[in-house]
Amino acid sequence: MTPVVEMRGVTKVYRSGSSTRTVEVHALSGVDLVIYPGEYVALMGPSGSGKSTLMHIIGLLDSPTEGQYSLGGEPVRGLGEAQLARIRNQRVGFVFQAFFLLPRLTALHNVALPLVYRGLPAAERLKRARKALESVGLGDRLDHLPSELSGGQKQRVAIARALVQEPDLLLADEPTGNLDSKSSDEIMELFDALHRQGKTIVMVTHEPDVGARAKRIVRLRDGKVADGGMA
Amino acid sequence: MGMNPLENFRMAFESLWGNKLRSFLALLGIVIGVFAVTAMISLGQMATAGITQDLEAVAGRSIFVQPNFNEGQDFSSAPIREEDLQALQALPVTVIPQLFTSIQYESKPGERRSMQLQGTPGDLPKLDPTNKIARGRYFTDLEARGGLAVAVLSDRAAKDLFPGREAVGQVARLYYPGGARIDLTVVGVLEPPSGIFGGFGSSATVYTPIQLIWNTSPTARRGEYAFVILPLKKGADAQQVTRQVQRIFESRYGKGKYQVQSTESFQGTLRSVTLILQALLGAIAGLSLLVGGIGIMNIMLVSVTERTREIGLRKALGATSGQIRQQFLIEAVVLTLVGGLLGVVLAAGLLLLITATVPFFKVYILSPTTVFLALAVSALVGLFFGVWPAARAAALDPIEALRYE
Numbered sequence: 001m002t003p004v005v006e007m008r009g010v011t012k013v014y015r016s017g018s019s020t021r022t023v024e025v026h027a028l029s030g031v032d033l034v035i036y037p038g039e040y041v042a043l044m045g046p047s048g049s050g051k052s053t054l055m056h057i058i059g060l061l062d063s064p065t066e067g068q069y070s071l072g073g074e075p076v077r078g079l080g081e082a083q084l085a086r087i088r089n090q091r092v093g094f095v096f097q098a099f100f101l102l103p104r105l106t107a108l109h110n111v112a113l114p115l116v117y118r119g120l121p122a123a124e125r126l127k128r129a130r131k132a133l134e135s136v137g138l139g140d141r142l143d144h145l146p147s148e149l150s151g152g153q154k155q156r157v158a159i160a161r162a163l164v165q166e167p168d169l170l171l172a173d174e175p176t177g178n179l180d181s182k183s184s185d186e187i188m189e190l191f192d193a194l195h196r197q198g199k200t201i202v203m204v205t206h207e208p209d210v211g212a213r214a215k216r217i218v219r220l221r222d223g224k225v226a227d228g229g230m231a
Numbered sequence: 001m002g003m004n005p006l007e008n009f010r011m012a013f014e015s016l017w018g019n020k021l022r023s024f025l026a027l028l029g030i031v032i033g034v035f036a037v038t039a040m041i042s043l044g045q046m047a048t049a050g051i052t053q054d055l056e057a058v059a060g061r062s063i064f065v066q067p068n069f070n071e072g073q074d075f076s077s078a079p080i081r082e083e084d085l086q087a088l089q090a091l092p093v094t095v096i097p098q099l100f101t102s103i104q105y106e107s108k109p110g111e112r113r114s115m116q117l118q119g120t121p122g123d124l125p126k127l128d129p130t131n132k133i134a135r136g137r138y139f140t141d142l143e144a145r146g147g148l149a150v151a152v153l154s155d156r157a158a159k160d161l162f163p164g165r166e167a168v169g170q171v172a173r174l175y176y177p178g179g180a181r182i183d184l185t186v187v188g189v190l191e192p193p194s195g196i197f198g199g200f201g202s203s204a205t206v207y208t209p210i211q212l213i214w215n216t217s218p219t220a221r222r223g224e225y226a227f228v229i230l231p232l233k234k235g236a237d238a239q240q241v242t243r244q245v246q247r248i249f250e251s252r253y254g255k256g257k258y259q260v261q262s263t264e265s266f267q268g269t270l271r272s273v274t275l276i277l278q279a280l281l282g283a284i285a286g287l288s289l290l291v292g293g294i295g296i297m298n299i300m301l302v303s304v305t306e307r308t309r310e311i312g313l314r315k316a317l318g319a320t321s322g323q324i325r326q327q328f329l330i331e332a333v334v335l336t337l338v339g340g341l342l343g344v345v346l347a348a349g350l351l352l353l354i355t356a357t358v359p360f361f362k363v364y365i366l367s368p369t370t371v372f373l374a375l376a377v378s379a380l381v382g383l384f385f386g387v388w389p390a391a392r393a394a395a396l397d398p399i400e401a402l403r404y405e
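Which chain is which? The protein sequence lines are A and B, in order. Going by our numbering, the first sequence opens with residue 1, and the numbers climb by one from there. Going by our numbering, the second sequence opens with residue 1, and the numbers climb by one from there.
Worth flagging that the hints you see were computed from the coordinates, not collected in a lab. One or more of the hints may lead you astray.
Claimed, not checked - On the chain B side, residues computed to face chain A include the following (Cβ under 10 angstroms):
| id | residue |
| --- | --- |
| 1 | 10 |
| 2 | 14 |
| 3 | 18 |
| 4 | 19 |
| 5 | 21 |
| 6 | 24 |
| 7 | 313 |
| 8 | 352 |
| 9 | 355 |
Said to hold, decoys possible - Quick look at which bits of chain B chain A covers, simulated, 3 or more residues with Cβ under 8 angstroms:
| id | segment |
| --- | --- |
| 10 | 213-224 |
| 11 | 320-326 |
Unchecked claim - Computed spacing ranges between beta-carbons, pair by pair:
| id | chain 1 | residue 1 | chain 2 | residue 2 | range |
| --- | --- | --- | --- | --- | --- |
| 12 | B | 383 | A | 212 | 36 to 44 angstroms |
| 13 | A | 186 | B | 383 | 42 to 50 angstroms |
| 14 | A | 73 | B | 403 | 29 to 37 angstroms |
| 15 | B | 349 | A | 186 | 36 to 44 angstroms |
| 16 | A | 21 | B | 391 | 44 to 52 angstroms |
| 17 | A | 147 | B | 362 | 38 to 46 angstroms |
| 18 | B | 403 | A | 68 | 23 to 31 angstroms |
Note that the Cβ used here is the ideal one computed from N, Cα and C, for glycine as well.
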């Protein structure tokens, strides 16, 4: 089976400072990580461990300084900005801690947004967006603005926006970080359900009880995988 | 793959509509700029049309021949003679020779004032329709040839000579500067000339047969005229006939003695003057477009900063930098186009109001070219001043952008 995520020796070095004195920060050093379709993986580690950098590289928002990375069997080294955007649009569904819904668009149009960049006709976009919203239990909130929704509902809209892309990978960054415990439970149950449906999920979190629901925990420490990098 | 460009227009409208007050304030500068440019250009065109019409009402399509005063000639050194008139008869013009001299009248006992005594052929309104009879009649060809003591008064002359009374039927008592007296029976009064050139023709003038002036004036010489008006016949080419008239006088008297001018050349001069004025005013109005454009750039830069997270999100969802750039460029262009449209509508309203209320502006002109130009320029302003903000939006790093608070 082709892994969704396959990383070999991924290193990320940030350089800063002047030309005479550069400071190098090794955010990641030699990360090996393989994630197969249908897996539910939690990415954990203290702040500064490099988990954000790793998530950005997985989601093609950032590129490794060294090492190999293939997403859905497709090596991404050397791809241009436009190609990376296209792959992101087709293969990665992001869910953010702060939801990032556009405040002036209704739930339906927020969910349809990624499909705009696929060149789908409006009717088709809205049809798929409606289905995605119904699948997260918000079929009765299509025309609500984000300001008219609770935190839990907003995050469900954001999850629907990721699902509408039919991505290889759901990439969630602290998805319950802005929610109360009741809403958190609901969102985590939704992720459980998505996992049962066979979706591949990578969740970045520092909350142990959130991470505990995943089937595998990848622990990062000082830019290295301390535990769980291989299935 | 790739998005429909129309999608960006829809998004632009949504985003601008979502920020109604700011969008309106941002495009206000463009509205004022386009309004000013459009109104200036159209008013210039309307003024030219008004001047041309007024000039035609006063002077018709005519050629004038008179001594070349610029070269030091005058009525006695360069008079127009009978044989010149005969030569002119061959051209497609009506030949109206005229003569004038100063005359005086008694405004109060012992006080004399000057007016102009002008000799014309009979039935002048028929020869040159720019002269219109208000009351009475013009003296006939027969009366003119006979040199009868009849007169037609300009509106001003009628008021000066017979204040508060009907002039037709009265006898006007006039004196040559030397003292010789003539009594003329008033048979008619002319209409005052219309339009802004009315002032030129509103002098106090007494029209009388040429023959009478030759018979009575101590200075006028028989067979000599002061100037000649040549109204063009229908279909005659003003420039061509003007050159023919010039040739006739040059072959007879040499260059520089006579001045030949046509109303079309006046119109040409006027047109170039108004064109220069138009260009000047247009340029000043154009400055306000520049200011408007800078306003658009400012608001777009604010918008890019404010929507940093939106840009980051769109990139994360698969928008390319090119698509982000396009989105903001189109927003700027939509903003300026809407502003331009409003400006044109406002200008059209102002022009309608002006034509309805200011008599000088008789025709309403808002040419499609002007409208097209105004809109094209506003779109270009949007494009030009949108480039930088759009480039900044496109260059945003999605990670930084999503982190932005």
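Each hint, compared with the structure:
1. At its closest, the beta carbon of residue 10 of chain B sits 8 angstroms from a beta carbon of chain A; the interface hint therefore holds under the 10 angstroms criterion.
2. About 7 angstroms separates the beta-carbon of residue 14 of chain B from the nearest beta-carbon of chain A, less than 10 angstroms, and the hint is met.
3. Using the Cβ-Cβ criterion of 10 angstroms, the hint placing residue 18 of chain B at the interface with chain A is satisfied: the shortest such distance is roughly 4 angstroms.
4. Using the Cβ-Cβ criterion of 10 angstroms, the hint placing residue 19 of chain B at the interface with chain A is satisfied: the shortest such distance is roughly 9 angstroms.
5. Violation of the interface hint for residue 21 of chain B is found here, the shortest Cβ-Cβ separation to chain A being roughly 14 angstroms, above the 10 angstroms cut-off.
6. With a least beta-carbon distance of about 16 angstroms to chain A, the hint placing residue 24 of chain B at the interface is violated under the 10 angstroms criterion.
7. Annotation: residue 313 of chain B was flagged as interfacial toward chain A, and the flag holds, the nearest CB pair being 5 angstroms apart, inside 10 angstroms.
8. Hint on residue 352 of chain B is violated. Least Cβ distance to chain A is approximately 37 angstroms, over the 10 angstroms limit.
9. Annotation: interface hint on residue 355 of chain B violated; nearest CB of chain A at approximately 43 angstroms, more than 10 angstroms.
10. Chain A is given as covering the segment 213-224 of chain B, and this is violated because 0 residues of the stretch bring a CB closer than 8 angstroms to a CB of that chain, at least three being needed.
11. For the segment 320-326 of chain B, the stated coverage by chain A holds: 4 residues have a C-beta nearer than 8 angstroms to a C-beta of that chain, and at least 3 were required.
12. Remark: the range hint 36 to 44 angstroms for residue 383 of chain B to residue 212 of chain A is contradicted by a beta-carbon distance near 55 angstroms.
13. Hint check: residue 186 of chain A to residue 383 of chain B, Cβ distance near 48 angstroms, so the stated range 42 to 50 angstroms holds.
14. At roughly 30 angstroms, the beta carbons of residue 73 of chain A and residue 403 of chain B sit within the given window of 29 to 37 angstroms.
15. Distance hint for residue 349 of chain B and residue 186 of chain A: a CB-CB separation of about 57 angstroms, inconsistent with the stated range 36 to 44 angstroms.
16. Checked against the hint of 44 to 52 angstroms, the C-beta distance between residue 21 of chain A and residue 391 of chain B comes to roughly 31 angstroms, which is inconsistent with it.
17. The hint said 38 to 46 angstroms for the Cβ distance between residue 147 of chain A and residue 362 of chain B, and at roughly 57 angstroms that hint is violated.
18. For the pair residue 403 of chain B and residue 68 of chain A, the supplied restraint of 23 to 31 angstroms holds, since their beta-carbon distance comes to about 27 angstroms.
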